[in-house]
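Chains as they are written, first to last, in my numbering: chain A, 83 to 409; chain B, 83 to 409; chain C, 40 to 370; chain D, 40 to 370.
Just so you know, these hints were derived from the structure itself, not from any lab.
Do not take every clue at face value.
Calculated pairs, DSS-like style, for lysine-lysine (alpha carbon to alpha carbon, straight line, at most 30 Å) [stated by the list, open to error]:
(1) B:K261 to C:K75
(2) C:K233 to D:K308
(3) D:K308 to D:K233
(4) D:K308 to D:K75
(5) D:K75 to C:K233
(6) D:K233 to C:K272
Note that the structure is a prediction, hence the values are computed from the model and not measured.
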Amino acid sequence: MAQTSFVKAVNATLAESMRADENVLVIGEDVAEGGPYTVTAGLAEEFGTERVINTPISEAAICGVSIGAAQSGKRPVLEIMFIDFVTLALDQLVNAAAKAHFMSGGQLRVPMVLRTQGGAGSRGAAQHSQSLEAWLTHVPGLKLVMPSRAADAAGLLRSAIADPNPVVFVEHKNLYFRKEEVPEDPEPVEIGSARVARQGSDVTIVALSRMVGESLAAAERLAAGGIEAEVIDPRTLVPFPLEAVLESVRRTNRLVVAHEAVEHGGFGAEIAAEVQNAAFDDLDAPIERVGAPFEPVPLSPPVEDAYLPGADEVHAAARATLGLAPR
Amino acid sequence: MAQTSFVKAVNATLAESMRADENVLVIGEDVAEGGPYTVTAGLAEEFGTERVINTPISEAAICGVSIGAAQSGKRPVLEIMFIDFVTLALDQLVNAAAKAHFMSGGQLRVPMVLRTQGGAGSRGAAQHSQSLEAWLTHVPGLKLVMPSRAADAAGLLRSAIADPNPVVFVEHKNLYFRKEEVPEDPEPVEIGSARVARQGSDVTIVALSRMVGESLAAAERLAAGGIEAEVIDPRTLVPFPLEAVLESVRRTNRLVVAHEAVEHGGFGAEIAAEVQNAAFDDLDAPIERVGAPFEPVPLSPPVEDAYLPGADEVHAAARATLGLAPR
Amino acid sequence: MSTTKTKAALDAEGALRLLQTMWRIRLFEERVGQLKRADQVHGLIHLSVGQEAVAAGVCGQLRDDDNVYSGHRAHGHAIAKGAPMDRVMAELMGREDGLCHGLGGSMHLVDTEHGLMGATGVVGGNIPIALGSALAAQLDGGDQVTVVFFGDGAVQAGHFNETINLATLWGLPLILVCENNGFAEFTPRSAHTKVERVSEVVAPYELTRETVDGNDLGAVWEAFGRFLAAVRKREGPVLLECLTHRLRGHYEGDPAHYREALAAEEWRKRDPILRFQRSAAEAGWLDDQAAAAVEAEAREAVEAAVEFGSASSFPSPELAARMVYAESEAG
Amino acid sequence: MSTTKTKAALDAEGALRLLQTMWRIRLFEERVGQLKRADQVHGLIHLSVGQEAVAAGVCGQLRDDDNVYSGHRAHGHAIAKGAPMDRVMAELMGREDGLCHGLGGSMHLVDTEHGLMGATGVVGGNIPIALGSALAAQLDGGDQVTVVFFGDGAVQAGHFNETINLATLWGLPLILVCENNGFAEFTPRSAHTKVERVSEVVAPYELTRETVDGNDLGAVWEAFGRFLAAVRKREGPVLLECLTHRLRGHYEGDPAHYREALAAEEWRKRDPILRFQRSAAEAGWLDDQAAAAVEAEAREAVEAAVEFGSASSFPSPELAARMVYAESEAG
Ligand SMILES: Cc1ncc(C[n+]2csc(CCOP(=O)(O)OP(=O)(O)O)c2C)c(N)n1
Ligand SMILES: Cc1ncc(C[n+]2csc(CCOP(=O)(O)OP(=O)(O)O)c2C)c(N)n1
Ligand SMILES: [Mg+2]
Ligand SMILES: [Mg+2]
């Protein structure tokens, strides 16, 4: 095992991929400078600015450029600095990248990765803190992964770069710099494979990205109260590993779904809708969802802290599935 | 009662609103020419091109222009010709229009309406047929209405133009030209109010836009089989009239949610997630969702016809909630 | 079409081939117009009748390994780039033997074998994508170029300027071909911008640019030939603006109340096909008989395409379901 | 600030007021830098130290009923437009008495009472929105103008060109003020475009444009004054490019490895405040004593703002919840 961080794991995987395949390119704003979070630091020095390409502030065009390069055999890894600005590239991503293979009757391939980061908690305010992954789970032709720890980030990024389809890779800014242990040479993680982060028999908690850690913390507190929660990190939203969730719910008969995104219209709704349909008779309680309230992200620290879903909300939701009051 | 069509109802309401308030503007590509579906026909002739403003193909900028005009006291009704191209205006809509009131601590108001049309069935293929409303239900600060008939279109458009917040008004191209009856002087329809399109006691069908008609057709067939379906048209997705749905489900104990959008990640998931949570003990069967498969919209007519959800799928889903095989 | 990779100046043989291309496009599209009214081709159909000289003059000088991207008015570009007319027709009919198995349609024609990398229904949407293809070509070395066709309406879309800036910043082998027919849907260019010429819009970026009479095949051929040679030599991106005229409505079914149709007399003067036949005759490259033969051959080919398309079966929903995601190639 | 609506040429009184504005911005922001390190102001903080002459020279000639939009580097614009410094500070601190009740923060300053219609964290995002405000002004009649501030990095974003095209097409009363500090985050302008001057990028659109030394308050004042008079007369949109220098990192905390800091000596030459004090002294408008007094007064005002902000309480989650949707005004 080696010590690393989420940022270092992504950085190292990008470097390995570029060493292994000269068709891999890194494209984005300030990427040759490492970007604001040092995710791409050192790549330009090793691979040159021909393959680590700084761009102007032109999100739509650089997404199109990545699509075209991918259609001509390159494997671009595009960085959109904040997921909030994916809004500017969405026509290219949704109308072109996601549909090119289908519309061409299978002739075109778009083996690109769109890396971006989202999430609140660092006082980024309303335009630098959003979690918008749910939109992209509604777009046939895209795959979407959302790792919660360094090892999965490395393994999933490898698989994403190798994938012949456009893959959206969603990072969380507040996971970047924590110290983590990873295997010396991380295996690729299969896209679409879930991970059981904690085993338990009383309630299943499906959590995304930052909420995996929050859910594990909640699980410890629940355990202190005699409740054993199973925490599942699906890691991939599209294609979603439903079977892993169902298998667990059939044992626990209770489900909490937790993400940081606004609850209303979030991906937790899809998970809840699928599970209630596939495991109706197994459920002993309503599926509880944990997510942000239907508000933009506020700047003011105490208001943002109150806004952000965390271990407390997961803890209360899990207790609710057992008919217990929050505590 | 007067004979009209969806297109004529929207057109007449725009004209009335412009007569009633000189701050109302119509902005969009070819709007002074009436647009491809004649929705804005005749407005330039009556109100002049100062208020019925043709624009170049600049979706991002014209959305921004509408936001700025609204912040300075105008009431722009922006047309984005196809909802597929809202992707180009999404930064402005999501990062600016939806958040301006909040980020300014209540100082700014954005009383604009974004009119657009979506939906498949007319061989528009993958880039001119999408149903993307679900994205916008995930954005705090926006309201979203999606009428299924001329009378509601007129009434909701009136309310949308009068609303001090940005309202997205989603039309369906295949509802435009049907002959319909409407009251001579349609009342405003309150945003957030559902309509019971058909009463029934055996199963509740919540349907959006074009699927309301399909669901009524399915209900007739179900009735022939002795099953009485209640069909509810929420008309508004944000804010969603949950109570009306719950009230019905408490009586029928069964729910089908039907929309044309891709099922995965669609708004039906949100409805299902909320209802299973709020009415868990009232549900005698899993909530069934009807939506499009996880594929782009194909051109080929028989393939598109197979792709499109319709009365058959609603019929089968309703029977499924009663434990009956499709028929 | 690879046979011409060496040709620069026009000769009798080249002229004949270009005339063939133009007649095929013209008759193909007139037939498509009829089929649309008969509901045998599907979706939003945009014809380029009157604009054939641009497709022919440009694609006639490209190789199969040069990539072409187009927009919503793409039939001519596809045919000129070498896409089999029968498979284009089958695509418009939504048939399994169509270029894209009937899943894409008129605005999404793709034939990678002939370097037709895609059309799009998003105005200007393929301009940055074409730049990405040019970036790949640059990195791969060689002298491959990428051409993107777009209309005057696309120039007011932000992604156009973003792409021009990037293309010049990176000096990529991209040839931008604007078919300026003076209209975007129902509104004239004057309602979209104060900058009349597209070649003027890009002036600040110092890329080689030129505006030619797009109904004059000779002029298109000559200017594009020069540009092509420069881009093959990696002298950076170029923009060719072709002034032309869309004879028909914006889409099939467009009542076109927003403009006056050209007088037939006036049109005969401007028609790129008749004009080219006149000048080719003057140049002694072909006579009326030869021209008539070309037209007749094209008419037969179009009819054969209609038969081919009509005989082809519709794809299955299962085929569509399999086309959403690409499978990894083994190895 | 409404007191100056008539002033065109600078005089002693005007000079003093502008110097006050610049010192307030400078000292406010230097203090904000300290507070950021002490974690008392929050979020992404972008300071305009070194660029004060632009904010002062532009906003100093505007009225409260002229609208201003800004970007992510907005403190100077807000203060110069008349937003109370204490409420700006409270906003950065996330307090209820902040301009936006602490919900918006540094990149989202709004003070409608003084015509500060909004900053934004989306580069260039407010450019089309400002045009909409100019459209409203045009329709309402009168001589109100809208000013939008943006950086050189915003010029490569598609919405910039889309907006320039619309502004010139419709001839709206919009004043585009670009603060060209030569950098976008960590990369120089040369890595973003081949077009060095922003005023050149808009050349095809034939709007009045000019590039001035943005560190020379007199030059900014003079050029903007001319432009303002023209736009009040509805002579169409204009663009003023102010060449300037961002003395600090892109954001507070930026190690700024990507460029060499200016030598202190060199900076003293360029510093817009010291430069203006020198020229104002030459003009006999003020002496060192007066200048020192202005600086001292500003320093006190900044400290008062810090006290005001620190004394203000944080907003409640309930307040935030009430701010998502506007209520219809009765009647
Ligand atoms: C982004 C986008 N906005 C609007 C449309 C609707 N639309 C289709 S074609 C067209 C006009 C295009 O004009 P131009 O680029 O000049 O091409 P032409 O039709 O003249 O060949 C418009 C507005 C679209 N397809 N895409
Ligand atoms: C649309 C968008 N893309 C990227 C960013 C990240 N970002 C913030 S500031 C900035 C550079 C802006 O440079 P410039 O416009 O010159 O303003 P300056 O910082 O120099 O004042 C970037 C890329 C953003 N905020 N918005
Ligand atoms: Mg045109
Ligand atoms: Mg800058």
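Okay, the hints, checked on the actual structure:
1. Proposed proximity of K261 of chain B and K75 of chain C is supported: the alpha carbons are some 25 Å apart, at most 30 Å.
2. Only pairs whose Cα atoms come within 30 Å are accepted, and K233 of chain C paired with K308 of chain D is rejected, the gap being roughly 42 Å.
3. The hinted pair formed by K308 of chain D and K233 of chain D meets the criterion: a straight-line CA distance of about 29 Å does not exceed 30 Å.
4. With a C-alpha separation of about 28 Å, the suggested pairing of K308 of chain D with K75 of chain D holds against the 30 Å cut-off.
5. At most 30 Å may separate the alpha-carbon atoms for a hinted pair to count; K75 of chain D and K233 of chain C exceed this at roughly 47 Å.
6. Of the pairs offered as hints, the one joining K233 of chain D and K272 of chain C holds, with about 20 Å between alpha carbons and a cut-off of 30 Å not exceeded.
Of the numbered hints listed earlier, those contradicted by the structure are 2, 5.
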